[in-house]
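A.B. asks: Following the hints, put chain B in place on chain A, whose structure we already have.
2 protein chains.
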Amino acid sequence: MRRLTPVSWKNVRIEGPFWGPRQEVNRAVTLPIEYEQLKKTGRLDAWKLEWKPGQPNPPHHFWDSDVAKWIEAAAYSLATHPDEQLSRRVDEVIDWIAAAQQEDGYLNIHFTVVEPENRWKNLRDMHELYCAGHLIEAAVAYYEATGKRKLLDVLCRYADHIATVFGPGPGQKRGYPGHEEIELALVKLYRVTGKKRYLDLAKFFIDERGRLPHYFDLEARERGEDPKAFDLGKYDYNQSHLPVREQTTAEGHAVRAMYLYSGMADVAAETGDRELFRACERLWENVTERRMYITGGVGSSANGERFTYDYDLPNDLAYAETCAAIGLVFWAQRMLQFEGDGRYADVLERALYNGVLSGVSLDGKRFFYANPLEVDPQAYLCRPDLYRPQAMAPTRQEWFGCACCPPNLARLLASLGGYVYSQGKGELYVHLYVGGSAEIPLDGQVVHLSQETRYPWEGSVRIALRLPSEMRFTLALRIPSWAEKANLWVNGQVVELEPLVQRGYARVKRLWQDGDVVELDLPMPVMRMEAHPAVRDDCGRVALQRGPLVYCFEEVDNGPYLADLALSREATLRSRYMEDLLGGVVVIEGTARRRVLTGWEHQLYRPAWSQMREVPFLAIPYYAWANRDVGEMLVWIREV
Amino acid sequence: MRRLTPVSWKNVRIEGPFWGPRQEVNRAVTLPIEYEQLKKTGRLDAWKLEWKPGQPNPPHHFWDSDVAKWIEAAAYSLATHPDEQLSRRVDEVIDWIAAAQQEDGYLNIHFTVVEPENRWKNLRDMHELYCAGHLIEAAVAYYEATGKRKLLDVLCRYADHIATVFGPGPGQKRGYPGHEEIELALVKLYRVTGKKRYLDLAKFFIDERGRLPHYFDLEARERGEDPKAFDLGKYDYNQSHLPVREQTTAEGHAVRAMYLYSGMADVAAETGDRELFRACERLWENVTERRMYITGGVGSSANGERFTYDYDLPNDLAYAETCAAIGLVFWAQRMLQFEGDGRYADVLERALYNGVLSGVSLDGKRFFYANPLEVDPQAYLCRPDLYRPQAMAPTRQEWFGCACCPPNLARLLASLGGYVYSQGKGELYVHLYVGGSAEIPLDGQVVHLSQETRYPWEGSVRIALRLPSEMRFTLALRIPSWAEKANLWVNGQVVELEPLVQRGYARVKRLWQDGDVVELDLPMPVMRMEAHPAVRDDCGRVALQRGPLVYCFEEVDNGPYLADLALSREATLRSRYMEDLLGGVVVIEGTARRRVLTGWEHQLYRPAWSQMREVPFLAIPYYAWANRDVGEMLVWIREV
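Residue numbers (our numbering), protein chains in the order written: chain A, 98 to 737; chain B, 98 to 737.
This is chain A alone, in the form it adopts within the complex:
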């Protein structure tokens, strides 16, 4: 049922001017910083299981996952960028993890040292299966990156144990995780080991979800609790309000939702379950057509870090957790493989270049948890009821008590190569334009492909093929939905593009020769984007977008009172590369209008007579905001 397979991150080397340095910062700065934070906060030493009741800093029930994501990130990085120190550090941590495994295969710090009597007793709240999932992902990645089996073996034993505890058989628990994640991890484990029981377990977790009698009710009663006392509200919070096939709107905690939908897509792909895939499609449409910020951020409410209702996309109170945008990338990539439909790649790219990348500072040292589209630092300071402390601060933070986002960013950036290409029978897909090279297995041969591009700053891409012999296949080049007048050349000859484009890809089928060169040009005019009229907060406003990048206005460039700034419909918008700004960015410049600030002495309201004045404006890519002075920021600007 799934037409395409992603080309592994192992086979893709990223070297272009945009993502190359970012991967390098991730490797050289972010990963070591995260290691230090994990160490400093006790998350690494916790694996030694030395904590005793009464001691301070008890291992939290999701610490395991923070370390797991860091190992996973390190694994991806090591595959393409060997690093002796990093390798030693990871092996040491893996030794601790292996030593922490219990005789029956069980492996969880909190439920081994803090409350061993409560193992598997509160799936709804306690993240045991979630932590297991992240450990499995780490193990698979580390095995694939290095060939070392130690962690993989540990996690296979743990997964085997979990498969005895959970399942439809007699004496087994019919439970499933309150925080999804293990579903997609088990599919990865199935793919790397070939053991179907892992796929079956993933499918079990997905199919059981939301069935009646409700497992979370049953286990709450077993704990002697009233199920209705669930302090996070109703079961839509964790997507168990309905069986997943009956769900049509994205509900609840956004990260959980993204992980669940990714797992559903994985299981659908592996089992050929069209009904499950259709459920994914319906949810996809709900998310991307009604509940997603233009940055690819999802989950508009800080309260419950969750989805709310159609078109409810407040800009200043946006939560749009970094992890949720990352989860959207995961899900999009999975949906993309089914039919190679560019609408999934469009969203993947939107999230990646905007709502994901904004999560980390340019120097790789600080992180955003929430990614709002409009910020007034004074509001954060003075309205503590509206903004979650730290998570919604208007500056990136060094770390978080709940530290899911930093290592999640690290693993996505380190594995970015895995999102660039796919291959299918006689088909080679290029999803992202990223400088570098790849070895792509195709129909029993290996295609060597290299990309040269300054994307996203410029839209021209040069792709060179090196082939062992001439090969007939379709090279499918993504034409992003924002690209209106693309041009294509093969070996310098213009190829008429329009007839070739299907579902967002230009499908160039021919007998390819070693040394063939394909050139694509995607013009990148500055676009004014509008939102659906039901998005209350964006009415009368536009967002500037150029290529895949959404832009924003910062106080440091445009002065305070950004809400009073307005673009006239006729204003010319010029783009220009500024090498010295924010590590090198294309800015958008032009003239905007704002009110003249005169005659307001002792007045708060007056008959409207304000004169407008023309002021120069400068907009920068959204991902790069908050790397200079603290101040206001705005994505959606008024249009007059």
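This list has only true hints and no planted wrong ones.
Any copy, or any two copies together, can satisfy a pair, since identical chains are not distinguished.
DMTMM-like, lysine to aspartate or glutamate: derived pairs with alpha carbons at most 25 Å apart:
| # | residue 1 | residue 2 |
| --- | --- | --- |
| 1 | LYS606 | GLU549 |
| 2 | LYS149 | GLU133 |
| 3 | LYS247 | ASP180 |
| 4 | LYS582 | GLU698 |
| 5 | LYS136 | GLU121 |
| 6 | LYS331 | ASP407 |
If you are wondering where the hints come from, they were derived from the structure by calculation, not from laboratory data.
Only a predicted model underlies this, so the values are computations on that prediction, with no experimental measurement involved.
C.D. replies: Structure of chain B alone, referenced to chain A:
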């Protein structure tokens, strides 16, 4: 120091087409409904002191005030509109109150039956002095309305008791109320009894406030509590963060602030304390020039029902409690008496016709607690984190657990006559244009004045004077700040207005004759109002105002997605009286623009190309919203 004295509500009869029916609904519908609610919820029977520990529904620590405000409202109403049933009901309740008084004069239900051991031990939180204040106000009003002394004598005894407990003397507590109110009540008691100890006590409460060592710290420690554990935050919440004379910004709980500032103005007036008056002026400027909605609503945050920071006036999350707008009317009236400065009357009128009057439904049966300027009912339903239940519901409620607003509205509407006129030495001020008549003591004589007007629907006012003999005095007629081209006639002769206007009043000084007629015309064009550019939420928007009325757009008239509606700068705005709509209102009509809703299938964002279409719009006075179908509402409309 205070130049003017308000003409008592006893002396003013309201009969005009706008306020006459409202007072009648207040008397005939609202007061009986409130009586029933007070009865149903146990607030009346609580005075019988029959509650015993262990029984349900213990008398809450501010129930006394709800009943007190109802008595006060009834008193005002009885003065001008005798009502046998109402009179009997009040006398019965007064009998219970009198019987509930303790031997030492103490009088508070909660601290008599629920926790007698904690009397006066938690001034910060427990509203004892606040309840005392409302009872005093009720007693003064009832005595003035009916001449009956019973409640007044009870409250004098209670006030005498309080004056022994609190004060600067040895063994006395140097405390003051956590919820201000008693200060202004004690000044009323001083005025009606002439006993200076009540004024002294009011002054003591005001002067002690915020001094160090902080009384609320001391009493918390005496209770064995950590003062820092105050769950409402810092002492700015109750305006005790600084001595009141050092306060320059309005902070904390808005109703408390309004009552405090009113009390400060009263004490300043009675003691000639210019420093205290200047503190009032500074706070006035902060409130009205930086922290007040165009409706006269104050306190923009539901969290703490409080002020936030300069220019923070969100429309949808506005709290703008009805009681706070009422408190602003109280304070404005007090400030107005000092020098007869129309800027105070302008705010008084703004609050009265908009943020106060919106608090009650047209039929007098339902009440708003919060008065937002933009409403999307779905947001209230789906974002429980952002909207306080019941208090911020998009429909008026029959009652509230914290029921301060309904009886506060009732007492203001019933005493409205007291806000219309003031007299001073050789001066008679007309602040509000309200049909009806008044007997005004002036320089030892009595002026009979009658007003005929359809204000606020039309701006022409006819004032007829009946005098015992010819009298020389200044008739000061308010020229609202919104009135640009007023015209004045005396006995049919045009009088040039401009030279007569000082501080917002046309001061017509002459030898008046019995039968003289003054005619004033205040043209009422529809005005587009703008807010200071620092008010983020109002940038690019205008509010429509005509005369004193702020207008709004409701979904029932204009369809959904109100945020997408925009007025062009050139659009003609027509006003028209519609007799059958909302009890008869002047509506504003014209043509607005909104986006054509085509081409949005499967799209949430797209390059901005939407066509606009012209649509008719209809705006109604803000006070009248939410009297038809539940739906969206908007005050500040985009301008394009």
